[in-house]
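Participant: From these two lone chains plus the hints, build me the complex, please.
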Amino acid sequence: MKKSLWFIIGLVIIAIIVVMTMQKKEEGEVALAGKTLKLAMDADPVSLDPHVQLSGGMLQYSHMVFDPLIRWTKTMDLEPRLATRWERIDDNTMRFFLREGVKFHSGNPFTAKDVKWTVERLKKSQDFKGLFEPFEGVNVIDDYTCDLVTKKPYSLVLNMATYIFPMDSAFYTGTDESGNPKDAIVKTGPSFALSHESGTGKYMVTKREQGVETVFEAFADYWDINSPGNVDKIVLTPIKNDATRVAALLSGDVDFIMPVPPQDYDRVANSENSQLITMSGSRIITFQLNQNRRPEFKDPKVRLAIVYAVNNEGIVETIMKGTATAAAQQAPVGFAGYKPDLKPRYDLEKAQALMKEAGYADGFTCSMIAPNNRYVNDEKISEAVVSMLAKINIKVNLKTMPKAQYWDEFDAQVADIQMIGWHPDTEDSANYSEFLVMCPNKETGYGQYNSGNYCNPKVDELVLASQTETDPDKRSAMLQEVEQILYDDAAYVPLHWQNLSWAGKKNLNIEPIVNVMNFPYFGDLVLD
Amino acid sequence: MLLFMQLDGLMFAFTVRRITQGIFVMLVISFLCFTIQHAIGDPVRDIVGISVSAAEREALREKMGLNDPFLTQYVRFLGKAVQGDVGMSFFFKKPALKVILAKAPATLELVFVSSLIIIFASVPLGIYCAIKPRSILSRTIMGLSIVGVSIPVFLTAIMLIYIFSVELHWLPSYGRGQLVYIGGWGSGLLTLDGWKHLILPSIALSSIMLPLFIRLIRSQMMEILETEYIKFAWAKGLRKRRIWFIHAFKNTLLPVITVGGVQLGTMIAFTILTETVFQWQGLGFLFIEAVERADTTLLVAYLMVVGVIFVVVNTIVDIIYGLVNPMVRIQGSK
Numbered sequence: 001m002k003k004s005l006w007f008i009i010g011l012v013i014i015a016i017i018v019v020m021t022m023q024k025k026e027e028g029e030v031a032l033a034g035k036t037l038k039l040a041m042d043a044d045p046v047s048l049d050p051h052v053q054l055s056g057g058m059l060q061y062s063h064m065v066f067d068p069l070i071r072w073t074k075t076m077d078l079e080p081r082l083a084t085r086w087e088r089i090d091d092n093t094m095r096f097f098l099r100e101g102v103k104f105h106s107g108n109p110f111t112a113k114d115v116k117w118t119v120e121r122l123k124k125s126q127d128f129k130g131l132f133e134p135f136e137g138v139n140v141i142d143d144y145t146c147d148l149v150t151k152k153p154y155s156l157v158l159n160m161a162t163y164i165f166p167m168d169s170a171f172y173t174g175t176d177e178s179g180n181p182k183d184a185i186v187k188t189g190p191s192f193a194l195s196h197e198s199g200t201g202k203y204m205v206t207k208r209e210q211g212v213e214t215v216f217e218a219f220a221d222y223w224d225i226n227s228p229g230n231v232d233k234i235v236l237t238p239i240k241n242d243a244t245r246v247a248a249l250l251s252g253d254v255d256f257i258m259p260v261p262p263q264d265y266d267r268v269a270n271s272e273n274s275q276l277i278t279m280s281g282s283r284i285i286t287f288q289l290n291q292n293r294r295p296e297f298k299d300p301k302v303r304l305a306i307v308y309a310v311n312n313e314g315i316v317e318t319i320m321k322g323t324a325t326a327a328a329q330q331a332p333v334g335f336a337g338y339k340p341d342l343k344p345r346y347d348l349e350k351a352q353a354l355m356k357e358a359g360y361a362d363g364f365t366c367s368m369i370a371p372n373n374r375y376v377n378d379e380k381i382s383e384a385v386v387s388m389l390a391k392i393n394i395k396v397n398l399k400t401m402p403k404a405q406y407w408d409e410f411d412a413q414v415a416d417i418q419m420i421g422w423h424p425d426t427e428d429s430a431n432y433s434e435f436l437v438m439c440p441n442k443e444t445g446y447g448q449y450n451s452g453n454y455c456n457p458k459v460d461e462l463v464l465a466s467q468t469e470t471d472p473d474k475r476s477a478m479l480q481e482v483e484q485i486l487y488d489d490a491a492y493v494p495l496h497w498q499n500l501s502w503a504g505k506k507n508l509n510i511e512p513i514v515n516v517m518n519f520p521y522f523g524d525l526v527l528d
Numbered sequence: 001m002l003l004f005m006q007l008d009g010l011m012f013a014f015t016v017r018r019i020t021q022g023i024f025v026m027l028v029i030s031f032l033c034f035t036i037q038h039a040i041g042d043p044v045r046d047i048v049g050i051s052v053s054a055a056e057r058e059a060l061r062e063k064m065g066l067n068d069p070f071l072t073q074y075v076r077f078l079g080k081a082v083q084g085d086v087g088m089s090f091f092f093k094k095p096a097l098k099v100i101l102a103k104a105p106a107t108l109e110l111v112f113v114s115s116l117i118i119i120f121a122s123v124p125l126g127i128y129c130a131i132k133p134r135s136i137l138s139r140t141i142m143g144l145s146i147v148g149v150s151i152p153v154f155l156t157a158i159m160l161i162y163i164f165s166v167e168l169h170w171l172p173s174y175g176r177g178q179l180v181y182i183g184g185w186g187s188g189l190l191t192l193d194g195w196k197h198l199i200l201p202s203i204a205l206s207s208i209m210l211p212l213f214i215r216l217i218r219s220q221m222m223e224i225l226e227t228e229y230i231k232f233a234w235a236k237g238l239r240k241r242r243i244w245f246i247h248a249f250k251n252t253l254l255p256v257i258t259v260g261g262v263q264l265g266t267m268i269a270f271t272i273l274t275e276t277v278f279q280w281q282g283l284g285f286l287f288i289e290a291v292e293r294a295d296t297t298l299l300v301a302y303l304m305v306v307g308v309i310f311v312v313v314n315t316i317v318d319i320i321y322g323l324v325n326p327m328v329r330i331q332g333s334k
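Sequences listed follow chains A and B, in order.
Quick note on numbering: our numbering labels position 33 of the first sequence as 33, and the sequence is numbered without any gaps.
Quick note on numbering: our numbering labels position 274 of the second sequence as 274, and the sequence is numbered without any gaps.
Certain hints may be false.
[Unchecked claim] Pairs of lysine-lysine, PhoX-like flavour, derived with a Cα cap of 25 Å:
no., chain 1, residue 1, chain 2, residue 2
1, A, Lys343, A, Lys391
2, A, Lys124, B, Lys94
3, B, Lys63, A, Lys123
4, A, Lys113, A, Lys151
5, A, Lys391, A, Lys74
6, A, Lys505, B, Lys196
[To be verified] Estimated spans, in silico, between C-beta atoms of each pair:
no., chain 1, residue 1, chain 2, residue 2, range
7, A, Ile225, B, Ala121, 51 to 61 Å
8, A, Asn373, B, Phe120, 36 to 46 Å
9, B, Pro152, A, Ser195, 37 to 47 Å
10, A, Asn273, B, Thr140, 52 to 62 Å
11, B, Pro152, A, Gln484, 46 to 56 Å
12, B, Arg17, A, Asn397, 49 to 59 Å
For the record, the hints were derived by calculation from the structure and aren't laboratory data.
Every residue, glycine too, gets a C-beta built ideally from N, C-alpha and C.
Isolated chain B, as found in the complex (with noise of 0.2 Å):
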């Protein structure tokens, strides 16, 4: 019983930092973008067309508060942001948060399918890897492997696209096929069309993280497959896959958990390059024509979201982190 309240005392401390770390995250983030946003251009310049005069642009900017002086538009930003304001979108003309919202499941759900194809993946293959290090199969997934990391994924994309859609006609080349809506999530993973959409991106996505861990399995499996207790477990007359798969993976995992973690903002950071390519209507599309169109509050709010995704993935982590290997004790506790 006193145990219980210890914890819940440390996962109290634990929850309050955390917020603390994310609230300051989100003032730094908001802070820089404001500072940067005149850098990427004048958002009144794409609401009008060219032959408007100066004399209605400035009317339009005045109107719009896009004339005060930095620290009053950012003031009234962070007024606005706590009431869960964060602007409006110039170019779409709505609230930004919905527009991010309405954005987020086609970015989940390619980020999902491509973990999935990387777990599902990496992981008996690393394994093979690791156990048959010599064989020819294993040295080809390693050639294999390098070539992936170095190609660039618009680079994948486009090639997937020309070998799937252009020349064979099996799968569709753009767009998110047809979507069904279960409340205000648009999913493409319940119709058959809605998957022929997804295979393309999420292959490409996965293309940049799919050999690293295949990579990463195999060098852990490896040097795991040396230890002192995997050779007693051997000595003990164990079976093959009892040692490979009980005793070696799970202690695999520890390292790869991780780095799959860290890994996950690289994937967002991915996903604006494929998006692009896919005219995948996901955040990382709309974050790019956001940037071209200097449609700032989107700017802002967008990095504010990523910022808040960041902070959720790595608290996860933590936790999770210290579920598998209690030795490590979550941050807070003494």
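In isolation and in its complexed conformation, chain A is listed as follows (with noise of 0.2 Å):
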């Protein structure tokens, strides 16, 4: 009895050392085959179909795999991708010409018909649909120049084209083993274009464990040879905490992480194997001042009262360490409607005067709710700006909960003071206030998450007239009277644009890859 159990227990260690040693000589292989990113960032992409989801994560998916239109510059400028030029052709319509000799990972070549396919794939994304609305369509002209247009003149086309990766249609055309088309979006469901994917882009999915493991290989095909970009394999992983994050960056494990939480900042950037970038980000972080809970928000005093209460410098100091801009309106620089002479303006004693002004010298009682973990630091800025509200007497009630929860007390305006992060899918000014400073209009869904209830005509009439203004000066002189007419009401408390922020091993040229959207362009990623 003893012994056969010796001798089973011999086996298996046998059985394992073989196993190991049959390991070590494919890791060996594995070695010689070219540059190897391990990237580790805080979630993976949700899925492989690039519609299914209207995210950062899932649009920082799509620039691995598939190729947009044109895409954005660090600059902020347009660049050709699978457009080479475009030249608008009159008021709705504008002409793209596209690259030739492009393929598919499935090999097929691309063409004008899969730039309309995917149009028309957009429209019907539940996620995407809203930013295409304004678009009537793709008109092919031949295989390589197609029209886009729009059902009235749109300030926003080139924008939009960014949103635009041509998807394979013949590869999506069909039906799966299950009889399912491959090319619906499904959200509740597995699905073919869940899991398979065949876009122009430099990275192929070669393996994929959700939650686990994403692994990217470089495309034998891909037809942008001028690219710097020297990396052939991205292994993805990702690390949802934070301080496990950056061990891994610090511990050598991973080559490269994003995003870094602003208190290692330091570490990251003091180690010898290690660089961090930075970046001032577009996203606002606002408190909305529920004007229909509360009368005394109706009084634009009482608003200003708040606003030159809140210290939102001392925040973005004190709490943010400096990983955030402090901000007087809502498009930070660079966008259209960004104005520099509107500055953040604390001022304690003309706060306390304007509440004196208003008639609540002795102040009043009011609730607000956060949420705890979807913005950097949110509980905290949250608990500061009550104590600074506190100065002006007025007593603040905070609630703060996970987002999952956070959301829906939101949208039943659950409390008087509400704070919300916005950052514009469209990469514009107007789009801030389409969402967060119109008057709320259940039928248009502008000012849908407007539960300040801030209801101004003039905004709404400046915002609208921007979309159809195709003239950029005439339009950012628009934008910019709107960011003014905020800025003097009060319509909403700033407080700061959050910083981007990418940390990777020295031998990473990460600068050039790296931007405001935060869509860092691994294809470029040089390695040395």
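Facilitator: See the structure below:
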């Protein structure tokens, strides 16, 4: 009995050793194959179908596996990708000339019909249909020319073209084994497009275990041979815990991490082996003051007093440790509506005087809600604002909650002051106003996240006019006027724009591939 | 012969009772999950972008059947659960049970290795502390065990990562490393890389239970060393080792097994913390993420699977207990 037990244990040990030595060899073979980037992000792409969800993560994925018609550069200019050039034909039509000789991962050639197919699919996607609502569709002129047609003149045609990542129409046509159409956009169950991809991008997904690991390998027939990028393989691992993600970089287990938690900026920047890149972002963090719930907030003086009482530069310095930019308007530098002379205005005495003028020298009590795991330091920021408002005798009862519960409460407007952060999907100024400050209107969908119920017909008029204004200078003037009105009215309480952050080993040239949209162009990454 | 038939009958009654209990536990768990799932949040929010209109979200909610009355949803769930279908995970877009089974090996291997550490460290240390209660080493062990119990698991885990991964570069900081797939079971136990990845998480996980078991074994053993039959054994002139390891230790084991069975459940709870810190792709990590995403089907399925594990483990402990100590009869016998 005992002898046979030892025999079995012995066999198991031998088996393990054999398996281990075999694997050693495999590792050695892989090392010869080319440059590999080990990438750790806080989450991995939720699916392989670029149209199933509109989120930063999915767009980052799209830039790796697909190519857009055109894309933003670091300086917010547009550069040709699958479209080599474009020209306006008339008020409603933009003509795109497509790159020739481009192949999809499946081997199918890329032509104008793929663009048409992709735009039609975007118009069906629950997440993208809103953005593509102004578009009539695509007219195919010939294999390498097509017209993008809008219903009426639209100022953001090119912004939207950065979201058109042509998909392989032949590959996604037909039905899968279970008889469902391959192009179905499915949010609730398995589908062909969720687990298969064929784009024109530099990388093909060769292995994917959701939430564990995604392996991207370079596509041999990739069109952009002028790109300096020399990474042949990317292994993406999601590491959710901030401390673990930083530890993985510092210990050398991964080469590149994003995002970097602000509390570790110094550690990463000072380490011998790693470098840190940060950039002011475009996500604005704000508080909305609900005028329907609190008559006090209807008085612009009270709203102004609150803006004067909130020391947002102080919050940036102490709570955000300088990893954000204090804001006085919605759009940051580089956006059409940015007005340089609007500055943060903390002045406690002025705030107290305004409260007195408004007849609320003794203040009042109100409620506030904020998420506690959505934005960087969201809970601490709201606590700081509560204590700042106490100085002008506004007593605030704060309740914070996880994001899974927050948005329903936000929509129900359960509190007088509510926190919201916004990043415009269109990378354009008007988008902030459309969602955050235009008069709430269920039919048009404008003001969907305007829980302050601020409503100013002049703002609505200007924002709507900007949509059809195709002259960039005139449009910019309109959007700047909007920011000025919101500033004077204290329509909401602006806090700051969160910084974006990336970190990697020293041999990575990170700087050239990152941008304010937070879509690192990994195809162009150079590893020394 | 007659005796065996009687035993069979007893076993049968015992099994039936256990299964009924198990089903009852499942019903209670699923009902509780269903009642609280609205408090967890709205799953639709997580599967659409933030700028999607309220009408679109409403349509999706309707399609997913989330707008139906509570009882309709619960009865529909039970009807499918009977057929082995506990629903589709909203996030993974796959059957929830499949997702859970795919992640189970990670957690089971972690718990297994931690248990090994606990067993092979606590037994010798516990015995030593009982035999030589006044030695400096014993006092150090007891002192450290107090510290071990008091430090939270996630702190232990982060400290281990900083010492052994970031500073010393000895061990990897996250994940499971290279896996070998045997059937559907992705195992890290068969590769050197897999073992390297296992070391830190399993030490972190055992850090809570290990001191507890050392103390338990020590106190049990010390009590038993005072009993009459041990004194008799000394008087008979038996060798030290025989008295310590055969006579005393065997009797120490009984309560340790009982506590061990109960603590296995606690261990599963602590995997949630350990797995989050080490990005260990197991059930605990899955659970935390499901809570954050309000992936309610996955949550319900997870809690039901854990319920099954508890029922099974307790049953096994009861059986083992009966085997080790004939004085304890299996419930169900008269």
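Participant: Decide, hint by hint, whether the structure agrees.
Facilitator: To see whether the hints hold, each was checked on the structure:
1. A/Lys343 / A/Lys391: Holds, at roughly 22 Å.
2. A/Lys124 / B/Lys94: This hinted pair holds, its Cα atoms lying about 23 Å apart.
3. B/Lys63 / A/Lys123: Holds. B/Lys63 to A/Lys123 sits at ~19 Å (cutoff 25 Å).
4. A/Lys113 / A/Lys151: Holds, at about 20 Å.
5. A/Lys391 / A/Lys74: The given pair, whose Cα atoms are some 42 Å apart, is violated under the 25 Å limit.
6. A/Lys505 / B/Lys196: holds, 23 Å
7. A/Ile225 / B/Ala121: 51 to 61 Å: For B/Ala121 against A/Ile225, whose Cβ atoms are near 58 Å apart, the range 51 to 61 Å holds.
8. A/Asn373 / B/Phe120: 36 to 46 Å: Roughly 39 Å apart at Cβ, these two residues keep to the hinted range, so it holds.
9. B/Pro152 / A/Ser195: 37 to 47 Å: holds, 39 Å
10. A/Asn273 / B/Thr140: 52 to 62 Å: violated, 37 Å
11. B/Pro152 / A/Gln484: 46 to 56 Å: The hinted range 46 to 56 Å holds for B/Pro152 and A/Gln484, with Cβ atoms some 51 Å apart.
12. B/Arg17 / A/Asn397: 49 to 59 Å: Given about 52 Å between the Cβ atoms, the range holds.
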